[in-house]
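> Keeping their order, the protein sequence lines are chains A, B, C, D and E. The letter at position 231 of the first sequence is residue 414 when you use my numbering, and the numbering goes up by one with no holes. The letter at position 272 of the second sequence is residue 432 when you use my numbering, and the numbering goes up by one with no holes. The letter at position 13 of the third sequence is residue 15 when you use my numbering, and the numbering goes up by one with no holes. The letter at position 263 of the fourth sequence is residue 336 when you use my numbering, and the numbering goes up by one with no holes. The letter at position 148 of the fifth sequence is residue 174 when you use my numbering, and the numbering goes up by one with no holes.
None of these hints come from the bench; they were simulated from the model. Predicted, not measured: the structure shown is a model, and the values here were computed from it. Virtual Cβ for every residue (Gly too), placed ideally from N, Cα, C. One or more of the hints may lead you astray.
[Unchecked claim] Heads up, simulated EDC-like pairs for lysine to aspartate or glutamate below, C-alpha to C-alpha not over 16 Å straight-line:
1. B:Lys-201 - B:Glu-277
2. D:Lys-166 - E:Asp-168
3. D:Lys-166 - E:Glu-172
4. D:Lys-170 - E:Glu-172
[Said to hold, decoys possible] Selected chain B positions facing chain D (in silico; Cβ < 8 Å):
5. Met-224
6. Val-227
7. Ile-228
8. Gln-287
9. Phe-288
10. Met-328
11. Ala-391
[What the hints assert, rightly or not] Cβ-Cβ distance ranges computed for the label pairs, FRET-style:
12. A:Met-245 - B:Pro-405: 47 to 57 Å
13. A:Val-215 - B:Ile-228: 48 to 58 Å
14. D:Phe-298 - B:Asn-230: 44 to 54 Å
15. B:Asn-230 - D:Leu-94: 56 to 66 Å
16. D:Leu-163 - C:Phe-85: 36 to 46 Å
17. E:Ala-182 - A:Gly-340: 29 to 39 Å
18. E:Glu-176 - A:Leu-373: 19 to 29 Å
19. D:Leu-385 - B:Thr-175: 21 to 31 Å
20. D:Arg-169 - B:Trp-591: 31 to 41 Å
21. D:Phe-302 - C:Leu-39: 37 to 47 Å
22. E:Lys-184 - D:Phe-298: 53 to 63 Å
23. A:Val-215 - B:Lys-670: 52 to 62 Å
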Amino acid sequence: MSWTPQIGLILLLAIPLMGSIGVLSFSRWPNVREAATLLAGLALVANVTALVLNVHAGGRPMLELAQIAGGLSLTLTLEPLGALFAGLASTLWLINSFYAIGYMRGNHAGHQTRFYLSFTIAIAAAMGVAASGNMLTLFVFYEILTLSTYPLVTHNGDAAARRGGRIYLTILMSTSIGLFLPAVIATQVLAGSTNFTDGGLLAGVITPGIASVLLVLYAFGISKAALMPVHNWLPNAMVAPTPVSAFLHAVAVVKAGVFTMLKTSVYIFGLDFMQTIPAAHWLAGVAAVSIVLASLIAMTKDNLKARLAYSTISQLSYITLGAMIATPLATLGAAVHILTHAFGKITLFMCAGAIYTARHVTTVSGLKGMGKAMPFVFGAFFVGSLSIIGLPPFAGAWSKLLLMMGSTSPTNRIFIAALVISSLLNVLYLVPIPLKGFFGVPPKGDDKKPTAPRLTVIPPVLTAAITLILFFSIGPILDFLRPVFEYGGG
Amino acid sequence: MTMAMALGMIMPILTWAGTHAPPLVVVTPLLAGPIAVFLHKGRLAWAWALAISILTFVFVLLLMPQVIQNGHIAYYMGTWVPPLGIEYRIDSLNLLILLLVSAMGVLSLVFGLPLVENEIEESKRGQFFAAFLLCLAGLLGVTITGDAFNVFVFLEISSIATYVLVSMGAERDRRAYVAAFNYLVMGTIGATFFVIGVGLLYMASGTLNMADIAMHIHGHSDNRVVRAAFAFIVIGLGLKMAMFPLHTWLPSAYARAPSMVGVFLASTATKVAFYAMVRFIFSVFTPGSPFEGAVFDLVLAPMAVAAMIICSVQALYQINIRRLLAYSSIAQLGYMLLGLSMGSIAGVAAGLLHLFNHALMKGALFMGVGKASLRQGVTNVQDLRGLGKTMPLTAASFTVAGLSLIGVPLTAGFVSKYYLVVAALERGWWWAVAALIVSSVLAIFYIGKMLETMYLHEPPKITKSKKTAPQAPAKTSLLALGPLMLMAAANIYFFFDASLPKGLADAAAKALLGGGAS
Amino acid sequence: MSTVLEILHIARFGLAGVFLLGGGFFVLAGAIGVLRLPDFYTRLHAAGVTDTMGSTLILLGLMLIAGFTLLSVKLALVGLFLFLTSPTATHAVANAAHKAKLKPLLGTYRQTRKGDNEGGSQ
Amino acid sequence: MNADFITPLDAFTIIDLILMLMLLIVGLAIVRLNDIFAIVMLAGVYSLVSALWFVSLDAVDVAFTEAAVGAGISTVLMLGAMLLSSRTALPAKPVRKWASFFIVLATGAALMYAVTDMPSFGDPLSAPNAYVGLEYLKRSLPDTEIPNVVSSVLASYRGYDTLGETSVILTAGLGVMLILGMGGKINGQLKKKAIDYDNADAQAHHTVLRVVSKMMIPLIVLYGFYVQFHGDFGPGGGFQAGVIIASAVILYALIFGVDAAKAAVPPLVVRIGAALGVLIYGGTGIAGLILGSNYLDYNVLDPHSAPHGQELGIMSIEIGVLITVCSVMLVIFYGFTSRQPDITDKDW
Amino acid sequence: MNGMQFLAGHFNYIVVIILMMTGLYIVISTGNMVKKLTGLGVFQTSVFQLYITMGKVTGGRPPIVAHAPEGAEHAAANGGEHGASTADTAVRMVHDMADVPVNGVIYSNPIPHVLILTGIVVGVATLAVGLALIVRIRETYDSIEEEDVEEAEYKARKAANA
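The shape of chain A in the complex, shown without the other chains:
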C-alpha cells in the first residue's frame, strides 16, 4: 500500500511505539535492543522528511484519531510549524540515541530497558504534540510527555532523584491541570472548538479583556516553556543522566512547551488579535525579564549542567518573547530560534556528558586544561556556544537577527535592549568554558586519564557541524515557514 500523508501521521505515533515494543521484547539482549531504538529513529526520520516535503508542497494532511462523545475529537494534522518541530525532534532523537548508547554503556547505568522505553514513549508524545490538530489533542500528548519523562528524570532512584522528580512532576502537573486545562476548556466553551485555525480561532470572537485573562492562563499554564515564575522544574531536572537532560532541554520537553506557546499565539489568538491584547505586552515584558535574569543566574552557577539549564531558560524566553510580540518577523524569528537553539544546546549538553563520562567532572572550575586531552569535545562545545551567542557563521545569528527586526515598533524597542544584553551575558558565561579547557594549566598527568568514548564524541561534533550548515541553508527554511506567518500579518 502506498505511503499517504494520513498513514504518515499514524506512523508518526506508531513507529516510536513499535520501537518501544522492540525495546521491551529484546530487553535481555542489549545490542538488539539498541538496534531497535536506532531502527525506529531512522524510520521516523524518513517518515518525517516525507511528510515535511508534502507539507512544503502545500499539503495539510488531516486525521481523526478518536471521537470522544459530544463533539470533542482527537485529531492529527501537520502544518509547517508542526513539521519543523517534528523534523527537529526526530533527527535529534536519532543522534541522541547514538549518544545515549555510548553514555549508558560508558557509565554502566542500570535500568536501561526502562530508560529506552520511556524515551520511545516520550518521543511518540513529542510527535503527537507536533502533529496535534486541536488544543485538546495537544493537551493530551502534553500530559503524556510529562508522565513519560518522569521515570527518565528519576532514573537514578536515589533520594535526590526522587526529590527532583517530585518537584518536576508537581510543578508541571499542577500548572497544566491548574491553568492549562481550564484555558483549553474555556477556549472550547467560548469558540465552540479548539481547532488550530489560520488567522486565530478567537480573533474577534472574544473581547481583548477576556483574551488577556486567557492568554495569561495559557502563558503560565504551559510551564514547559519555563517562563520565569514556573521555571523551577528545569534546574531540578538536572538530577537526570545527561542524555535525558540533553533530550529534555533540546529535543522534547522544553521545545514542546515553546512550540505550544507559539501555536497558541499564532493559531488560537492570531497575530493581529495578539496586538490588541494588553496582556501580550506585559507577558513580553516578563519574558524579557526572565531572559536577562536567567542569564545572570547562569553566570553564578559553577555546576556545568545547572549553568546550561539556566541558559536554556533564558533562550526559551526568546521564543516566548517572539510569540508575545506577535509581529510576523518576530514569530518567524522565534520559530527559527527553536531550530537553532535545539542544535546548539544539544551540542553543549552532549559535550558536558562526554566530559562527565571521561573524567566524572561536573564543575566548570574542574575543566582546567582538559581541552588538550579532548580537543574534539571542547571544539564542538566552542562552536555550539558561538551558535547560541548568535555570532554570524553559525545558525543562531539568524534567529536573533529576525527577533530584533521583528520588534522595531516603538513599544517593542525596549526588548531589543534585552536581546542585546542577554547576548553579551551569553558570551560571559559560555565562552570561558572552552577557553579554560584549551588554555588552562592541566593538572599533572592529565593526559594519561581516559578520554570520552568515541560514541559520545561524534554526535556533538555532528550537531556542531549542522549549526554551521544551517547558517547557509537558512533560505529554504524561511520559505518553508513563511506561509504560517504571511497568512495573518502584512
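Following the hints, put chains B, C, D and E in place on chain A, whose structure we already have.
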C-alpha cells in the same frame, strides 16, 4: 436438537424474562441470600453468590433495550394500578445506576475470593455472602423502585447489611465494631430523617407513588410542608451518601471493613444514595421553583465545594490508605453534588457521568489495595514500598486508576472533569471551576505520594524479624487480577469512547429536567 | 315489662360505674403506696393491690358494659390470665430479693427515722 | 389543604392530652437519667404509652405491634445487652450538650415551620385521608374479602413493602448471627455452664415459676396462632404472632435454662426458619409470576375466583412472615445468651 | 380559624415534634452507646406517632370494614382492572364529604398504619444489630462509653508507634 428447536425454546423464556425483568432484578439476590446461609462448605457459597450476581446482571441487560426503545418501563407489583400498588419505574437514569451496581457486584465477587478466604473464618463465610447478596438486593431495590416508602425499606435492607458487613472486618482490625456502630447510628438518623421527609410528602400529596406525588405537589412548591419535606429528604439522603458535613462515619467504616466489602461499597453504596437524592429532587419536587433554586445555590453548591477542598486536604494527611481513599471518595462525591446543584441539563449529566467514572476509579483503587494487602499486608501508605517491583500488574492498574482520579488525559476521569468544568463555565460559576482545579491539584499530591512510594522505594525485605511481617504470599490467583485489570482498562476505554455512559447520562438528565417525571 | 328492662339497663350501667370507680381508687392507692412506703417488701404489697383488686374490678365493670357478647368473654379470659400471672410475678420478685439476701426493714417507723436503718433498703 | 376543618374537642381529646403529657414526662426523664436500668425501663414505658395513644387514634394493628415488639422484645434485648455491659452511663460533657441542643433546636424549628400548613388533626378531607386511603377502604373488601383493611393493604396492595420488611428482619437476624455467633464455640472453647439448672437447689428455687410457666407457655403459643389467623378479621398478623410465639420460647428459656430451650427449639431449626419464611413469601410472589401474571399477584393463585386467590396469597405470606419473625427473634435471643457471662440471678 | 382552633387542630403535631427532638437530643448528646440506642428508639417511635396522627379521621373507627358492601356491581367492576397494561386509571380526586363514609361508616386512613408496621419492625432490627455490636464492643474494650473507647484506641496507637 436443532438450532431452531433450541431457539424456539429459548425465545419464550427470554421474552418472559424480559417483561418480568424489573422485579427479578431485585428478587433473585433477595431470595438467594437466605439460601446462601446454608452453603458454608468451602467455596460453594461464593460460587452461588457469583452465579446469582451474574444472573442479576443479565436481567439488567435485558432491561436495557426496552428502556432505550421507549424511554421508560412501568411495572405494577401484583397488577395493582400505581396509586394503589407499588410500581417499578425504570428510565435511563436508574438504568445507568443498575448497570453500575450489578456490574460492580459481579466484579467484587470475582475479585474478592482470595480476600474473603484470607479475612473471614470458614464457618461465617456462608452468612457473609448471604449478607452481601442482601446488600446487593437492597441497593438494586432502592435504584429501581418508583414508590417513595419502598425506597426507605430497601435502603434499610442495604444499610443493615452494610453495617453487618463492615463489622465483619473485626477479625482483621478490632476497631471495626466501633466504626460499624457509629455508621449504624448515623445511618439510622439519616433513614429516620428520610422517613420524616416521606411522611411530610405523603401529608402534602396523599399518595406514595413518586410520579403521583409529583403531579399533586406540582403547583404547591411554596407550601411549607413541601419545603420541610424537601429539607428533610435532602438531609436524610445527605447523611446516607456522606455529603460533606455529615460524612464523619465514612472514613473509618471503609477503612475497617474487610477489603472485599470496601471494594463493593466504595463504588456503589454512596452512589445509590446520590441517585435517590437526584431522583427525589428532580422527579418529585419541581426543580424550577425559587425555594429549590435557593437551596441549590446556598446549600448544595457550597457543601459540594467544601467537600471537594476540605476532604482532599484531609486525604493528604492520612496514613491508612483506605481512609485516604475514603476521604477522596467524599471529595469526588462533592464533584457529583456540584454537577447536581447546577440544576442545568449539562450539569446533571456531568455529575452522573462522574458518578459512573468514579465507581470505576474507586473500585480499581480499592481492589489494588486489597490485592496488595493480601500479598504484602498493606494498610499504611509506607507498606506500599516497592510494590512496582513485587507486583507490577497490580501497581500498574493502581496507577491508571490513580491518574484517572486526578483527571489526567487518556483516562475517564479527564472526560467527566472536562464536562463538569464546561457545565460550570456555562452556568458562570467561576468559583466552582476554581474549586475543581484546586481539588484536582490536591489529588495530584495525595495520589502522587502513593505512586512515588510504590515505584521509587525499595520493597520491604520479607524477613520474619519485621514487626508487621506481611503474611506469606497467598496464592493471589489470576482470578483476583482479572477484575483489577478489567477496571483499569475500562478507565482508559471510557476516555476514548464515552458514548455509553455519556449517552445514558444525557438521556437521564433530559428526562429529569425535560418534563419532570416523563 | 319495658320499665323492668329499663331499670335493669340503668342498674347495669350504674353498677358498672361503681365497679370502675372502685377499681380506679384501688389502682390509685397502690400507686401512692409504692411511692410512700419506705421498704422494698412493703412496696411490694402496694404493687400487689393494684394487680389484684384494681384490675379485677375494672374488668368486671367493663364486662358489665359490654353485656353478654364475645367481648366480655375475651375480658374474662384477660381476667383469668391476670389472675394467674400477677401473683407469680410478685412471687418471683420477692423470691429474687430474698435470694439476694435483702433484709426487710424491721422496727417502728420512728426507729427507722432516727437510727441508721440496719436493713439495706433500696 | 382543607383549611376550614375545625377539630372538635371531646372526651377522646382529653385522654390524648393525658397520654401526650405522660409521653413528654417519660421523654424528659430518659434525657436526665444516667442509670441505664432505669433508662431501659422508661423506654419500655414510652413504647407502651405510645401504644395506648395509637389505640385512641384507631391504629389498633400498630398499637398491638408497638406493644409486642416495641415494649416487649426491645426491652428484653436492651436488658440482655445491658447486663452484658456496664450499668451506669457517664453524664454528657457540657460542650456536647449545647452543641446537640442547637442542632436539635434547628431541626425542631424546621418542623415547626411546616406545622402551619399541615392539615388539622382528624380532617376527613385532608390530602392523605381523602385520596388513596379512602380508595383502599372501598376496594379492600370486594377485592380480597378481608375485613381488616390494614392486613389486606399490608399483604396484597403493598405486599412488596412487606417482603422488603421481612428481609430487613432476616438481615438483622443474619447480622446478629454473624456478630455474636449462635452459642457454638466462642473464640475457640465451648462456653462453660455458669449455672447447672438441673441440680436440686435450682429446682427448688424456681418451682413456683416452673409450674405457672408450664401452664402459661402453651396458652401463649395458642394465643400467638389465634393472633396469626385472626389477623384478617381484627388486629393481628404475622409480625405480632411471630413475636408472641418467640416470647413464649424466651419465657421457657428464662425459666428452664437456655440449654433446655435450645434442646426444644434447636439453633439449626431456628436458622432454617429465618430463611424459610422469606423464601415462602418470595415463593408466593414467584408463583404469581409463573402463573403468567405480575410478581406478587394473588388473583391468579385461584383460577376461578380472584378474591379467594387473594385470601390464599395473604394467608401464605402471613405464614412466611410468622416463621421468619419468630425464628429471627430466637436467633437474636440465642445470640445474646451465647455470650459470656450467663445471666446469673444476682444480676436481676 | 382563630388561634385556639388552630392550636386544637395542630396540638398533636407540636407534641410529636417535641418528642422527636428529645429523642434526637438523647442520641446526639450522650456518650453511652446503650442510651444512644434508647434515644434512637424514642426518636423513631415519635416519628411513627406523626404518621398515625395524620391518619386519624374524627369520628372514624379502626379500618376494619365489617360487612360486605351493598352495591354488588362493585365486585364485578374490579374484575376488569387487573392486567398490567391497563392505562394509568388515575384514581379520581375525592373531595366531598359524601364520599367519606364507606358503607355508611367512617373509618380512619389505613395507609399510615401499614407504613408504621414496617417502620417498627425496621426499628427493632436496627436496635438488635446495634445491641449486638455493643456487646462485642464491650468484650473488646471492656466499656461502652465513647470516651473510654477513644482513649483505649489512642493508647493502642501510641504503643504501636513506639
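> When you take the CB atoms of Asn-230 of chain B and Leu-94 of chain D, is the distance between them in 56 to 66 Å?
57 Å, holds
> For Ala-182 of chain E and Gly-340 of chain A, compare the CB-CB distance with the range 29 to 39 Å and indicate the outcome.
36 Å, holds
> Can the restraint linking Lys-170 of chain D and Glu-172 of chain E be considered satisfied, given a maximum Cα separation of 16 Å?
Holds: Lys-170 of chain D and Glu-172 of chain E sit about 15 Å apart, inside 16 Å.
> Check whether the Cα positions of Lys-166 of chain D and Glu-172 of chain E lie no farther apart than 16 Å.
12 Å, holds
> Hold the hint about Gln-287 of chain B up to the distance rule: shortest CB distance to chain D must be less than 8 Å.
It holds, given that the least Cβ distance between Gln-287 of chain B and chain D is near 5 Å, below 8 Å.
> So the hint says 21 to 31 Å: do the beta-carbon atoms of Leu-385 of chain D and Thr-175 of chain B match that?
28 Å, holds
> Lying within 44 to 54 Å: is that true of the beta-carbon distance Phe-298 of chain D to Asn-230 of chain B?
Check passed, 49 Å falls within 44 to 54 Å.
> For the range 19 to 29 Å, tell me whether the beta carbons of Glu-176 of chain E and Leu-373 of chain A fit it or not.
Given about 53 Å between the Cβ atoms, the range is violated.
> Falls inside 52 to 62 Å, the C-beta gap from Val-215 of chain A to Lys-670 of chain B?
Given range 52 to 62 Å: holds, Cβ gap about 57 Å.
> Does the Cβ pair Met-245 of chain A, Pro-405 of chain B satisfy 47 to 57 Å?
51 Å, holds
> Verify the CB-CB distance for Lys-184 of chain E and Phe-298 of chain D against the hinted window 53 to 63 Å.
Roughly 59 Å apart at Cβ, these two residues keep to the hinted range, so it holds.
> So, Val-227 of chain B near chain D? Judge it on the closest CB pair being under 8 Å.
18 Å, violated
In this structure, the hints that do not hold are numbers 2, 5, 6, 7, 18, in rising order.
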